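Chemist: Just need the whole structure built from these sequences, with the hints factored in.
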Amino acid sequence: MRSFEKDRSYAIVRWRSLLILALPGLLNACLASSMTYRGKMEPDLYRSDFIPLLEELKGAQDAYGEKDRLLWYLDLCAVAHYAGAYRQSNDFCQAAARWIEAHAMKSIREETAAMLADDRALSYQSTFYEGNFLHTIGMLNYLLLNDEEEALVEARKLDERINLLLQKEDDIRYQDPLGRYLSALIHESTGAFDDAFIDDRLAFEAYRLQREIYGVPIPWELAQDLLRMARKSERYEEERRYRQAYSIEEGMNPFAHRKGELVIVVESGFSPYKIPKVEKKGLKRELPAFIDRPPYVQYVRARALGSKRVVASATVLDLGRIVQVDLDRRIERIVRKSTGRALVKTGVTLGAQQLIGPAAGFLLGGILLPSGEADLRCWSTLPARILMLRIPLPPGRHGIALKFYSHYNSEIFRQYLSDVPIAPGRRTFRVIKTP
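Numbering-wise (the working numbering), the sequence shown opens with residue 6 and increments by one.
Be careful, since some hints might not be right.
Pair by pair, the computed Cβ-Cβ distance ranges are [to be verified]: (1) Asp176 <-> Gly44: 27 to 37 Å; (2) Ile218 <-> Ala250: 30 to 40 Å; (3) Asp96 <-> Arg52: 22 to 32 Å; (4) Lys45 <-> Glu242: 54 to 64 Å; (5) Arg419 <-> Leu169: 41 to 51 Å; (6) Asn414 <-> Glu378: 38 to 48 Å; (7) Gln99 <-> Glu284: 31 to 41 Å; (8) Glu217 <-> Arg246: 19 to 29 Å; (9) Ala107 <-> Thr41: 19 to 29 Å; (10) Glu378 <-> Leu310: 20 to 30 Å.
Simulated pairs of lysine-lysine, DSS-like, Cα-Cα distance not exceeding 30 Å [said to hold, decoys possible]: (11) Lys264 <-> Lys279; (12) Lys313 <-> Lys282; (13) Lys63 <-> Lys45; (14) Lys279 <-> Lys45; (15) Lys279 <-> Lys438; (16) Lys162 <-> Lys438; (17) Lys72 <-> Lys162; (18) Lys279 <-> Lys237; (19) Lys282 <-> Lys264; (20) Lys438 <-> Lys264; (21) Lys63 <-> Lys279; (22) Lys173 <-> Lys264; (23) Lys162 <-> Lys237; (24) Lys162 <-> Lys313; (25) Lys63 <-> Lys173; (26) Lys45 <-> Lys438; (27) Lys173 <-> Lys313; (28) Lys63 <-> Lys264; (29) Lys313 <-> Lys72; (30) Lys72 <-> Lys237; (31) Lys282 <-> Lys45; (32) Lys279 <-> Lys72; (33) Lys438 <-> Lys408; (34) Lys438 <-> Lys63.
These are calculated hints, taken from the structure and not from any lab test.
Quantities reported herein were computed from a predicted structural model and do not represent experimental measurements.
Built from N, CA and C at the ideal position, the CB exists for glycine as well.
Modeler: What follows is the structure, given as structure tokens:
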């Protein structure tokens, strides 16, 4: 009898310890997260009211909460970028990168709470593409600040990050073709042809291998860059191999006749957001699902004033597709965790009823009852699609007329870039945000 009472007392202590460890996380999971606040941002985003939104967002740290601190940094990074506050955007990007590095390991308390409640008890962790795109935004910010050296620092950070991801799992999805492409453009502009070739090759191979996954074709200009950099870095055999294997025809050198090049990056729309999807078969539970937000602008045409040549945009990144594919790859793991969580909850509740009484079991069931909701957090202020236009121009200052078109080939609106400086053998970058 004494042995039974001793075992029972020991079990009670263990259940209490488990509750004490998990209770803060359980309560946190039941509290409103940043989702309510972030939902209110939508009208400002689609009106392009980025400057007032940025100021409001700076004071929203408490609304996001400690577990969504990373999302706060990510949203600040994107909104500051859209608002033209490029230095501030870089500060927030770097804060986000530091947070990701510092919180690479989840806490035992959060993991325990997540097992008893749901993944909202965990601090938000970025996906691979969110972590990659932090450095892409950083590169663009520095290019718009005319700081190519710091842009290349961001490119090196991206390269290190991709290599670390590939060491854990050799998955072509981890490659970032746009980041490599931008890095190659900078290297060529600064005369580092060997580095430009390496990045061109990495970008080309990433686009080629990801084409079946994301549906983005290899940009024609990138293929031309690859041949030109192979030749300039005296890799004649590789030039011949790529030309023959992929039927790449000789194109125009954007820097011929002392010309420079204007590179326009169009950040179109906003990436999908998550909604809860109730699974009715088997265990009744919520799973996350993405709702697509197709961007209004599908493609762009541009013409320099005084020129008859019209340049069309190319899609260089489809984040709307990337987020969907990534969730599809992770959904089986999410289902397994949800199933395991349901079994643990049942076992914990029944065990508590037997060991410490029906009332305590009922109380524990009441704590666990509101949980099991889908984790809907994601970096939804990212653009849905990235387009690029490359326009060779003679040295001087130029006006550029742009026309933006919908999915139905209808012209939506026009925009004019005035007084764009072009230097011989150099690239000038501009970024345009569209709904």
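Chemist: Hint by hint, note whether the structure agrees.
Modeler: Verification of the supplied hints:
{"no.": "1", "hint": "Asp176 <-> Gly44: 27 to 37 Å", "in the structure": "holds, 32 Å"}
{"no.": "2", "hint": "Ile218 <-> Ala250: 30 to 40 Å", "in the structure": "violated, 21 Å"}
{"no.": "3", "hint": "Asp96 <-> Arg52: 22 to 32 Å", "in the structure": "holds, 25 Å"}
{"no.": "4", "hint": "Lys45 <-> Glu242: 54 to 64 Å", "in the structure": "holds, 58 Å"}
{"no.": "5", "hint": "Arg419 <-> Leu169: 41 to 51 Å", "in the structure": "holds, 44 Å"}
{"no.": "6", "hint": "Asn414 <-> Glu378: 38 to 48 Å", "in the structure": "holds, 42 Å"}
{"no.": "7", "hint": "Gln99 <-> Glu284: 31 to 41 Å", "in the structure": "holds, 39 Å"}
{"no.": "8", "hint": "Glu217 <-> Arg246: 19 to 29 Å", "in the structure": "holds, 22 Å"}
{"no.": "9", "hint": "Ala107 <-> Thr41: 19 to 29 Å", "in the structure": "holds, 26 Å"}
{"no.": "10", "hint": "Glu378 <-> Leu310: 20 to 30 Å", "in the structure": "violated, 55 Å"}
{"no.": "11", "hint": "Lys264 <-> Lys279", "in the structure": "violated, 46 Å"}
{"no.": "12", "hint": "Lys313 <-> Lys282", "in the structure": "violated, 51 Å"}
{"no.": "13", "hint": "Lys63 <-> Lys45", "in the structure": "holds, 15 Å"}
{"no.": "14", "hint": "Lys279 <-> Lys45", "in the structure": "holds, 15 Å"}
{"no.": "15", "hint": "Lys279 <-> Lys438", "in the structure": "holds, 22 Å"}
{"no.": "16", "hint": "Lys162 <-> Lys438", "in the structure": "holds, 25 Å"}
{"no.": "17", "hint": "Lys72 <-> Lys162", "in the structure": "holds, 25 Å"}
{"no.": "18", "hint": "Lys279 <-> Lys237", "in the structure": "violated, 47 Å"}
{"no.": "19", "hint": "Lys282 <-> Lys264", "in the structure": "violated, 54 Å"}
{"no.": "20", "hint": "Lys438 <-> Lys264", "in the structure": "holds, 27 Å"}
{"no.": "21", "hint": "Lys63 <-> Lys279", "in the structure": "holds, 24 Å"}
{"no.": "22", "hint": "Lys173 <-> Lys264", "in the structure": "violated, 44 Å"}
{"no.": "23", "hint": "Lys162 <-> Lys237", "in the structure": "holds, 26 Å"}
{"no.": "24", "hint": "Lys162 <-> Lys313", "in the structure": "violated, 40 Å"}
{"no.": "25", "hint": "Lys63 <-> Lys173", "in the structure": "violated, 35 Å"}
{"no.": "26", "hint": "Lys45 <-> Lys438", "in the structure": "holds, 20 Å"}
{"no.": "27", "hint": "Lys173 <-> Lys313", "in the structure": "violated, 50 Å"}
{"no.": "28", "hint": "Lys63 <-> Lys264", "in the structure": "violated, 42 Å"}
{"no.": "29", "hint": "Lys313 <-> Lys72", "in the structure": "violated, 54 Å"}
{"no.": "30", "hint": "Lys72 <-> Lys237", "in the structure": "violated, 50 Å"}
{"no.": "31", "hint": "Lys282 <-> Lys45", "in the structure": "holds, 22 Å"}
{"no.": "32", "hint": "Lys279 <-> Lys72", "in the structure": "holds, 18 Å"}
{"no.": "33", "hint": "Lys438 <-> Lys408", "in the structure": "holds, 14 Å"}
{"no.": "34", "hint": "Lys438 <-> Lys63", "in the structure": "holds, 21 Å"}
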